[in-house]
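Undergrad: The chain contents come next:
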Amino acid sequence: MGSIDYILWILIPLIAISIAIVAFWNYLKIRSWKLLALSVAFALLAANELIPLINGNMLNYAILSAFSLLAFVILAYVYYSERKVRGIKITKLRWIIGSLVAICSIATLFYFTFVGNHYYELFPQAFLQDLIQSLLASATILLVIYTIISLYSYYHIVRNKNTLVVMAGFICLLSTYLLSLVLIIPPFKHLLVSNFDYITQLQLVLMLLTFAGYTLILIALLRPRGSR
Amino acid sequence: MSEESSYRSKCRIYADILRAIQGTDQAKVTYLLHEANLSYERLTHHLGKMKKLGLIESRGEEQGLVVITTKGKKYLVEFRKIEEFGETFGITI
Numbered sequence: 001m002g003s004i005d006y007i008l009w010i011l012i013p014l015i016a017i018s019i020a021i022v023a024f025w026n027y028l029k030i031r032s033w034k035l036l037a038l039s040v041a042f043a044l045l046a047a048n049e050l051i052p053l054i055n056g057n058m059l060n061y062a063i064l065s066a067f068s069l070l071a072f073v074i075l076a077y078v079y080y081s082e083r084k085v086r087g088i089k090i091t092k093l094r095w096i097i098g099s100l101v102a103i104c105s106i107a108t109l110f111y112f113t114f115v116g117n118h119y120y121e122l123f124p125q126a127f128l129q130d131l132i133q134s135l136l137a138s139a140t141i142l143l144v145i146y147t148i149i150s151l152y153s154y155y156h157i158v159r160n161k162n163t164l165v166v167m168a169g170f171i172c173l174l175s176t177y178l179l180s181l182v183l184i185i186p187p188f189k190h191l192l193v194s195n196f197d198y199i200t201q202l203q204l205v206l207m208l209l210t211f212a213g214y215t216l217i218l219i220a221l222l223r224p225r226g227s228r
Numbered sequence: 001m002s003e004e005s006s007y008r009s010k011c012r013i014y015a016d017i018l019r020a021i022q023g024t025d026q027a028k029v030t031y032l033l034h035e036a037n038l039s040y041e042r043l044t045h046h047l048g049k050m051k052k053l054g055l056i057e058s059r060g061e062e063q064g065l066v067v068i069t070t071k072g073k074k075y076l077v078e079f080r081k082i083e084e085f086g087e088t089f090g091i092t093i
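Chains X and L, in that order, give the protein sequences. Under my numbering, read the first sequence as residues 1 to 228, first letter to last. Under my numbering, read the second sequence as residues 1 to 93, first letter to last.
Hints are supplied without guarantee of correctness; some may be wrong.
[As the list claims (entries may be wrong)] Distance windows between CB atoms, simulated:
1. L:Asp25 to X:Trp33: 47 to 53 Å
2. X:Leu179 to L:Lys10: 41 to 47 Å
3. L:Glu78 to X:Leu202: 41 to 47 Å
4. X:Trp33 to L:Glu35: 22 to 28 Å
5. L:Lys71 to X:Trp25: 16 to 22 Å
6. L:Arg42 to X:Leu14: 23 to 29 Å
7. L:Arg80 to X:Ile63: 27 to 33 Å
8. L:Gly48 to X:Leu14: 44 to 50 Å
9. X:Arg31 to L:Val29: 54 to 60 Å
10. L:Gly48 to X:Leu179: 44 to 50 Å
11. L:Glu35 to X:Ile21: 22 to 28 Å
12. L:Asn37 to X:Asp5: 51 to 57 Å
13. X:Leu14 to L:Glu35: 19 to 25 Å
[As the list claims (entries may be wrong)] Calculated pairs, BS3-like style, for lysine-lysine (alpha carbon to alpha carbon, straight line, at most 25 Å):
14. L:Lys81 to X:Lys29
15. L:Lys10 to X:Lys29
16. L:Lys10 to L:Lys28
17. L:Lys28 to X:Lys161
18. L:Lys52 to X:Lys29
19. X:Lys29 to L:Lys28
20. L:Lys10 to L:Lys71
21. X:Lys161 to L:Lys81
No wet-lab data here; the hints were simulated from the structure. Bear in mind the structure is a predicted one, so any value in this text is a computation, not a measurement. Cβ coordinates follow ideal geometry from the N, Cα and C atoms, glycine included.
Using the sequences and the hints, build the whole thing.
TA: Given below as structure tokens:
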């Protein structure tokens, strides 16, 4: 591990918490539940980014992963309740997306529970970890879809540069979650476990993407207004 | 399940009323009814609250004229900033 890793470990939670603080500052002014939800979601994501800084206790990892899942559920709900997404027949789309996410959740849970790992009786915590990761995967799918919808609608409706920068940031963050799913899919998991260099390289890519994601979002929030 | 209409937040209603008032020097209730798209009961309720908050003040009680205060103007500026913050995230405030 080089010094860049340590710098990123410190910087990423700091940037994430800065976004949460900016959102909360705006919430204090206007008391809109959406701003509070954004603030809480980014605070939870910042907490999740503290994983590399804590001791390697499985329960701590599980709790922080659950924070991340909760953050994504909150963000998904904020976008779900958003009715400004025009140009798309959102009502039917919501039902289709909801059904797809439910099916994906059940399928991933079924896979990890009955097919993937047969050692849960010996290691109950492994089940907890896989359960959280599979739910995280479902939440990630949900957020990917909503990010695409938001990106599409805003590209066609608002064309706000700041919005596009935020969306780019979200896509970076989502890429990290999608890439980290590789770590739990058995063929890739076994390959990575057998080759330490791959894990180190993947971790660095994930950290750089996470850093880029949060930085883009913070830049968009701090950019001067009226850039439309 | 109707998805066409959406409820406005109290902050947005206040901003809509203030924008309508700011569009003219002084606004009548009937004008605001149309511009803010509210029923008479809801409008008078909100106007009462806004007067207590110091965002607007009455001018000519008999005619029911209202004007925007300095605090009201500041509110509009702040609301616009937060509105843009929300838009950055793709959400409406």
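Undergrad: It remains to establish, for every hint, whether it holds in the given structure.
TA: Going down the list of hints, with the structure as the test:
Separated by about 35 Å at the C-beta atoms, Asp25 (chain L) and Trp33 (chain X) break the suggested range of 47 to 53 Å. The hint said 41 to 47 Å for the Cβ distance between Leu179 (chain X) and Lys10 (chain L), and at roughly 42 Å that hint holds. Remark: the range hint 41 to 47 Å for Glu78 (chain L) to Leu202 (chain X) is upheld by a beta-carbon distance near 44 Å. Range check, Trp33 (chain X) to Glu35 (chain L): about 26 Å between beta-carbon atoms, so the 22 to 28 Å window is met.
A hinted range of 16 to 22 Å holds for the C-beta pair Lys71 (chain L) and Trp25 (chain X), which are about 20 Å apart. The hinted range of 23 to 29 Å is not satisfied by Arg42 (chain L) and Leu14 (chain X), whose Cβ atoms lie roughly 45 Å apart. For Arg80 (chain L) paired with Ile63 (chain X), a C-beta distance near 40 Å fails the hint of 27 to 33 Å. Checked against the hint of 44 to 50 Å, the pair Gly48 (chain L) and Leu14 (chain X) passes, with Cβ atoms roughly 45 Å apart.
In this structure, Arg31 (chain X) and Val29 (chain L) break the distance hint of 54 to 60 Å, their C-beta atoms being roughly 27 Å apart. Between Gly48 (chain L) and Leu179 (chain X) the beta carbons are some 55 Å apart, a value that contradicts the proposed interval 44 to 50 Å. Taken as a hint, the range 22 to 28 Å is violated for the pair Glu35 (chain L) and Ile21 (chain X), whose Cβ atoms sit roughly 36 Å apart. Distance hint check for Asn37 (chain L) and Asp5 (chain X): the Cβ-Cβ separation is about 55 Å, which falls inside the suggested range of 51 to 57 Å.
Hint check: Leu14 (chain X) to Glu35 (chain L), Cβ distance near 45 Å, so the stated range 19 to 25 Å is violated. Our distance criterion of 25 Å between C-alpha atoms is met by Lys81 (chain L) and Lys29 (chain X), whose separation comes to about 11 Å. Distance check on the hinted pair: Lys10 (chain L) and Lys29 (chain X) sit about 13 Å apart at the alpha-carbon level, within 25 Å; holds. As the CA atoms of Lys10 (chain L) and Lys28 (chain L) are separated by approximately 21 Å, the hinted pair is consistent with the 25 Å bound.
Between Lys28 (chain L) and Lys161 (chain X) the CA atoms are separated by roughly 38 Å; this puts the pair beyond 25 Å, and the hint is violated. Between Lys52 (chain L) and Lys29 (chain X), the direct Cα distance comes to roughly 18 Å. Compliance with the 25 Å bound is thereby established for this hinted pair. Simply put, Lys29 (chain X) and Lys28 (chain L) have alpha-carbon atoms about 29 Å apart, too far for the 25 Å limit, and the pair is violated. A C-alpha spacing of about 17 Å is found between Lys10 (chain L) and Lys71 (chain L), which places the hinted pair at or below 25 Å, so the restraint holds.
Under the criterion of a C-alpha separation no larger than 25 Å, the hint pairing Lys161 (chain X) with Lys81 (chain L) is consistent with the structure, at around 15 Å.
Hint check: violations occur at hints 1, 6, 7, 9, 10, 11, 13, 17, 19; the rest are consistent with the structure.
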